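Chains as they are written, first to last, in full-length UniProt numbering: chain A, 1 to 298; chain B, 1 to 298.
When chains are identical, the list treats them as one kind, so a pair holds in a single copy or across two.
Derived EDC-like pairs (lysine to aspartate or glutamate); straight-line CA-CA distance at most 16 Å: (1) 166 to 72; (2) 43 to 63; (3) 290 to 229; (4) 43 to 59; (5) 290 to 209.
Please keep in mind that the hints were generated in silico from the structure rather than gathered at the bench. This structure is a prediction, so every number in the text was calculated from the model and none was measured.
There are 2 protein chains.
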Amino acid sequence: MAEDTVPVFDTLAVIGPGLIGSSVLRRAQAEGNLARKIIAVDKSPDVCARVAELGIADEVTTDAAAAAAQADCVMLCVPVGAMGAVAAQVVPAMKPGAVLTDVGSTKVSVIEAISPSLRADVPYVPTHPMAGTEFSGPDAGLADLFENRWCLITPLDCTTAEALEKVRTLWERCGARLREMTPAHHDRVCAIVSHLPHLLAFTICGTADDLASETRSEVLDFAASGFRDFTRIAASDPIMWRDIFLSNREALLEMLGRFMEDAQAMARAIRWEDSDYIVDRIERGRAIRKSLIENKQA
Amino acid sequence: MAEDTVPVFDTLAVIGPGLIGSSVLRRAQAEGNLARKIIAVDKSPDVCARVAELGIADEVTTDAAAAAAQADCVMLCVPVGAMGAVAAQVVPAMKPGAVLTDVGSTKVSVIEAISPSLRADVPYVPTHPMAGTEFSGPDAGLADLFENRWCLITPLDCTTAEALEKVRTLWERCGARLREMTPAHHDRVCAIVSHLPHLLAFTICGTADDLASETRSEVLDFAASGFRDFTRIAASDPIMWRDIFLSNREALLEMLGRFMEDAQAMARAIRWEDSDYIVDRIERGRAIRKSLIENKQA
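Next up, chain A with everything else stripped away, as it sits in the complex (with noise of 0.2 Å):
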């Protein structure tokens, strides 16, 4: 047990300190073994500010490469259409044998732009943390977030066994629990546990916004929970979602297609009175809360 004291890393760099970046320096300062010594990192002068007001980390800087040069780890944090152009920045600017860690919400599009600027001397571990709220910025984050949520491991073949090592070791530290899977998966799967519900809840948003004024303003006055559970959705920061949608394009649009198909066909069975494919198709969401609830996720 005396190992778990020893910090996972010298130098942690946590590039962009917003909802999961300052929950991570959160749980570093809170736990004290994940680096010994912490900076944080952000091109925005006045996010910098904060973050040092905020005392959450040993060195606040808005210059990446000069950051990335001392450590031991970087981490990156930004929205995943920011990741190629921060990963070109900092990378060159590396030690040798320093891990590169993303915690992007999609992986093949954000390995695919993190690529031209790899080296064969900088091990680099695709991940993903599974956790988040509505909120945005480096007040957002909580010590606690990934405590009994995913992060999700996609390690590629320049993932060196050692780099894999010690990024588990620090997201076990930080609380989670792991899984392994291949970029290519791990985008399909996020495409309908998060990415299309996100999407939809966007959408649902829009379409009442659109509808006359007199009917808009009841929106507001009687959202039922239906309603009300998908605002809270709705709400999260629209940069990181429009980035994520782009980026999860392929495997998002699948899903999109395949739940349309299905709403089509509940429209058509509630226009002709089809009572037991809608209640089979009711049966279902039954059936998987059930499941969800079985597993601890509800």
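Once you've looked at the hints, dock chain B against the given chain A.
Same frame as chain A, but now just chain B:
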């Protein structure tokens, strides 16, 4: 204020002591000023036995007509698809001047179903208390289920001012906020705030359930908050929701049609990387969420 202790009705018969009906029973018992005597009616002897066991009514019976004959107010709390048949059974037995009311989640077709049974000497007040959980049955009721929730009332030509006032008072004493509107307008508002969200939630659970078994088991493992919220909505009673969908068919299909157009437009924007469109639609969701929070509905 002394008037508040005088029961609104002498005898209240609640037909169908499910989630809503048994919540009214519990509230009537807790407050003491909804009715002097409360009768619960269900066609199922098992449900009657359970209601008797729970001790939430003064009298419990399977004989709807006999209960209606005693009542000053008959409240129909059965699934919307059963409203017509139950009305045909109880209205002929009602005392002249006794009030008929229902709590159906759709109004146009429920009113249509009940209309053939109406009598000139029995005023009818259609209502829809917008409250609920994903649970059903007499054990699911809560005395404070209606607290600060909306109860929509859709008065008709056959609704006397006196009957309307009594039903209004009854729901006020249940803690509800009241709003009057036409049945058609009610159905459109509920289609977008409640019925469409439920339809989408059922559908996405079905879509997930149809995925290849490997991905499906991972859906269960990795249900992020997005999907989990959908399954909560989708856990509701299948028969009740089948009835609501069929009963509010026109308004629901119209709203679903609008939604599908919007979802197709979103799919197209993702395929062609139309960032501005995507961000605009996401922003609308956030704006609605913000309004809900300001309206204290979130």
